[in-house]
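Trainee: What follows is the residue order along each chain.
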Amino acid sequence: MSSIKQVINEAVEKGKEVYDKVRQPNPIRLRDLIRQIRSAKTAAEERSVVNKECAAIRLTFREEDSVWRCRNVAKLLYIHMLGYPAHFGQMECLKLIASPRFTDKRIGYLGAMLLLDERQDVHLLITNSLKNDLKSPTQFVQGLALCTLAAIASPEMARDLADEVERLLKSSNAYIRKKAAICAVRIMSKVPELLEMFLPATRNLLSEKNHGVLITGITLITSMCVQSPDTLDHFKKTVGNLVRILKNLVMAGYSPEHDVQGVSDPFLQVKVLKLLRILGRGDGQASETMNDILAQVATNTEATKNVGNAILYETVLSIMDIQSETGLRVLAVNILGRFLLNVDKNIKYVALHTLLKVVHQDNQAVQRHRTTILECLKDADITIRRRAMELCFALINPSNVRTMMKELISFLETAETEFKAVCSSKCVTAAEQFSPNTRWHIDTLLKVIIAAGNSVPDDVVACTIQLIAESGEAEQQYAVAELWQRLSAAPLDTQPLLQVATWVCGEFANFLSLVGGGVSEGEVVAVYQRILWSSQCSAVTKQYAITSSMKLASRMPGTNSLVAQMVSAYGSHLNVELQQRGVEYTQLFTRYDSMRGPLLERMPPFERSRLRVSQDAAAANAAAAAAAAPLANGLHNNNNNDAVAAVQAPSQSDSNALLDLLGGLDDSANDVPVQVKSAPLPPAGTGSLNSDILDLLGGLGGGGGGDSGGTLISRTVNNGGILDTGLGSASNNLLDDLLNNSSSNLNNSTLANNTINSTNSLPVSTLPSSDEYGSLTIYERNNLRLVMTFQRQDSLTTITLTATNSSTSCNITDFLFQAAVPKSLQLQLLTPSSTSLAPAASLTQFIRVNNPNKAVLRMKLRLSWFADGVKIEDQNEVNNFPPALWQY
Amino acid sequence: MQFMLLFSRQGKLRLQKWYVAHPDKAKKKITRELITTILARKPKMSSFLEWRDLKIVYKRYASLYFCCAIDQEDNELLTLEVIHRYVELLDKYFGSVCELDIIFNFEKAYFMLDELVVGGEVCETSKKNVLKAIAAQDLLQEDETPPNALFDEHGLG
Chain A
1 MSSIKQVINE AVEKGKEVYD KVRQPNPIRL RDLIRQIRSA KTAAEERSVV NKECAAIRLT
61 FREEDSVWRC RNVAKLLYIH MLGYPAHFGQ MECLKLIASP RFTDKRIGYL GAMLLLDERQ
121 DVHLLITNSL KNDLKSPTQF VQGLALCTLA AIASPEMARD LADEVERLLK SSNAYIRKKA
181 AICAVRIMSK VPELLEMFLP ATRNLLSEKN HGVLITGITL ITSMCVQSPD TLDHFKKTVG
241 NLVRILKNLV MAGYSPEHDV QGVSDPFLQV KVLKLLRILG RGDGQASETM NDILAQVATN
301 TEATKNVGNA ILYETVLSIM DIQSETGLRV LAVNILGRFL LNVDKNIKYV ALHTLLKVVH
361 QDNQAVQRHR TTILECLKDA DITIRRRAME LCFALINPSN VRTMMKELIS FLETAETEFK
421 AVCSSKCVTA AEQFSPNTRW HIDTLLKVII AAGNSVPDDV VACTIQLIAE SGEAEQQYAV
481 AELWQRLSAA PLDTQPLLQV ATWVCGEFAN FLSLVGGGVS EGEVVAVYQR ILWSSQCSAV
541 TKQYAITSSM KLASRMPGTN SLVAQMVSAY GSHLNVELQQ RGVEYTQLFT RYDSMRGPLL
601 ERMPPFERSR LRVSQDAAAA NAAAAAAAAP LANGLHNNNN NDAVAAVQAP SQSDSNALLD
661 LLGGLDDSAN DVPVQVKSAP LPPAGTGSLN SDILDLLGGL GGGGGGDSGG TLISRTVNNG
721 GILDTGLGSA SNNLLDDLLN NSSSNLNNST LANNTINSTN SLPVSTLPSS DEYGSLTIYE
781 RNNLRLVMTF QRQDSLTTIT LTATNSSTSC NITDFLFQAA VPKSLQLQLL TPSSTSLAPA
841 ASLTQFIRVN NPNKAVLRMK LRLSWFADGV KIEDQNEVNN FPPALWQY
Chain B
1 MQFMLLFSRQ GKLRLQKWYV AHPDKAKKKI TRELITTILA RKPKMSSFLE WRDLKIVYKR
61 YASLYFCCAI DQEDNELLTL EVIHRYVELL DKYFGSVCEL DIIFNFEKAY FMLDELVVGG
121 EVCETSKKNV LKAIAAQDLL QEDETPPNAL FDEHGLG
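Chains A and B are the protein sequences, given in the same order.
Numbering follows the working numbering, in which position 488 of the first sequence is assigned residue number 488; successive positions increment by one, without gaps.
Numbering follows the working numbering, in which position 88 of the second sequence is assigned residue number 88; successive positions increment by one, without gaps.
Calculated directly from the structure, the hints in this document are not laboratory data.
Nothing here was measured: the structure is a model prediction, and the numbers come from that model.
Mixed in with the good hints, there may be bad ones.
Some, not all, of what chain A presents toward chain B, calculated at C-beta under 10 Å [what the hints assert, rightly or not]:
1) 109
2) 271
3) 807
Where a beta carbon is used, it is the ideal one built from N, C-alpha and C, also for glycine.
Construct the entire structure; sequences and hints are all you get.
Mentor: Below, the structure written as structure tokens:
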């Protein structure tokens, strides 16, 4: 019994000890806590110190201990900075703020700024304290309240406290006035209609002597001008005052209080320059008033230090933005030119960044600094090189394209991998736009492909092939010679070059005999064997090569047996695509040898609209593929794996279209940008031979996934029926019907084809205004805004989609918009006006929706684009179309 | 200015000031992201980053990085001057400031910043005025503390 008592007593003692430890009479000091935390060796140890301290802090909070509250909140703020939760201190901050002690208030407001922001509900409570403190007789208490309000004011707080702030804005104390001005800025940004209230108080701000009040006053006026055009007009009359302020700053002698390395108050100067820019924008008279002072600042500011350059930079921005004299603009661009020569990376960066902004306004002036800009391509700083590259592309014009391209290609050769894709794409675009002749163009594209190695985007390969295919015989002969040389000597690890080379050498194999002393058949086959047996070559390259070897065999009969051997070996290749080619092509050598010649005839040049391609090379891929072959190619638009099939379509032979049809199917049919599902089947009873094709279409309609495509292939291959069907005359007719008769029921499935055909015929300019249905913003994320406007004629609705790049710096490329509608509707997407968007630029795309049943219009969207080279994909569903589009 | 961060070469946050509201989670994410990005940059690179739709201006002073996020139309070269001004003020106040001063007196570092920048805008361009205001407020604090217990019991210590 006694031992039990003893145990209990001991336990009670221990419990007391523990309790005393946790609840120390005096909580440890802030500096001691920091020391403790810093001495923790591991993260776990730190965590345990923090947890223990947080427990102690909570305990004192719960006891409503006001003596240690300040110390505890301060500790909590340190703990918060380390990333631990500290929200339980919010109420304590408010209690501190309500305390009469200045120390309490100082820590309380600091805590409020760190732990609360405008989303917190506790604001009602803080608003009262703020109101009291704004009326405090102590300027520093007022100052704390103003500072906090400026950092965390919510719309409600702004409304409740605007009167107080307005009163303080007229205070005789400069310390209060300057902080009140910033508060006013915050209040206006939260509740725009409160702007008017502060207007009278701004009257005297510009005649201030105190720089603190002056700079915050100008900040206030600037934000008023930005916020409301009416106010902007109101402040036009202050241009003279601002010019005088700036003049005094520039002319005044040394004033130790505001001097920064020999420059008089750069902070104020920059603020004035910025406001002048806003006032002078688009206003000739205001611009004229400030011309002189801008010239003065531009010429008199010391440019050896960062601070002087900060002012010059702001001056240049103002000069370029207002309606300044030509001489002044040249001066501004020359300042940027001088910046480019500066050793300071920051200044160089700023110069390139600004030149990029002004290059479209004053191209000539910027051209003068071309050599310096080209020099920046070799800078050690990657960010500078990136800017310089962008600027170089903006500077290319017909007269300098040769030299610029030479520099850019040598830049491309040594550039980081991350640059290569973007740079090569841009080179292709620029070459397309400005090439002086085809020979140069071909040369340039080949150089780009060689320089960028494996980083070449697939569209560049397609572009090059297309260019060569549509050029004259002499150029083709030249290309064969060039590429044969590369092909026979190139290392096998640069796929894009091999792809272009095999395509060209196969297609135009007849020119091989003219290369140098003539290439022997043996040599050619040896080169192909090297590629086809190499483990370094990708499957796609081999696809190019195997098809190319078939072409070769039909153009150089001596290679027949060797090619047949190579091809038949591929009949058992592990890669399904290659195996399929192997099996098909072997059939062409054996059972259908007579068909081989016509089937492998030369491709006609691809049709495409040059304009489009010059807008963006990336579009060329899709355009080329879709234009070259009907239906099937349209289906694998986005499918680079199918490049072989895409470039392999001799149009004379419909059977080839069927080949392509199958080729197109083997990769996911869900890449199809149209709703194929709703395609009605063609009229029944066209004969049994057709059933395979009918099935194909059925499969297309029902499938929509890669799986169904896959099974289809294996079935047709197993039947050995692929060519049978393809060459049967009945099916030929059917295909004709399917592919050419766009008025047939199959309207939908021939959309890809249609899209191309109708780009020219669409009467864009005659579209009546679409106001009656209003506009609909269907997407607004990731710096991209999509707006639709509508126009309806009976069951046919034409939707104009406008895509706008809402960012200020990011370039969008390869924009792809895909959409699907419910079954009973038919959808047609026309080609977009462009696929790339510079900052703030827009593109349009027409969408036709046929809705004979007046069904509810809904749309599923799939979007993808590259933002500065980074791929972004997104999906969206639109359910809020105006009902007027289908009702009535 | 949208926010300012101070962090060490080891990536530890030393001060954070937000002038635009974000949820706590977002703040942490932004901080982590910027610290990693900036620490990965080489010393010979420029002090500017384009990040989301903001411009990031950073500068290293000894073991501390000062990092500001500014709007597109703000002047990044001048932001470097604001950072420099802040460092000068801390230096004057602490007397040759080092990272430890800022760790152990983080609240003072905040007070200093609040006198220089309010609501993300520079509100005082005279160093003298800032230091004067800070000194006067420190004095207010001292006056309230019982003389013998200055840093012993009731102060933050």
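Trainee: Taking the hints in turn, state whether each one holds.
Mentor: Results of checking the hints against the structure:
1. 109: Constraint on residue 109(A) satisfied, holds at 9 Å.
2. 271: Holds. Min distance 8 Å.
3. 807: holds, 6 Å
Comparing the model with each earlier hint shows no violations; every hint is respected.
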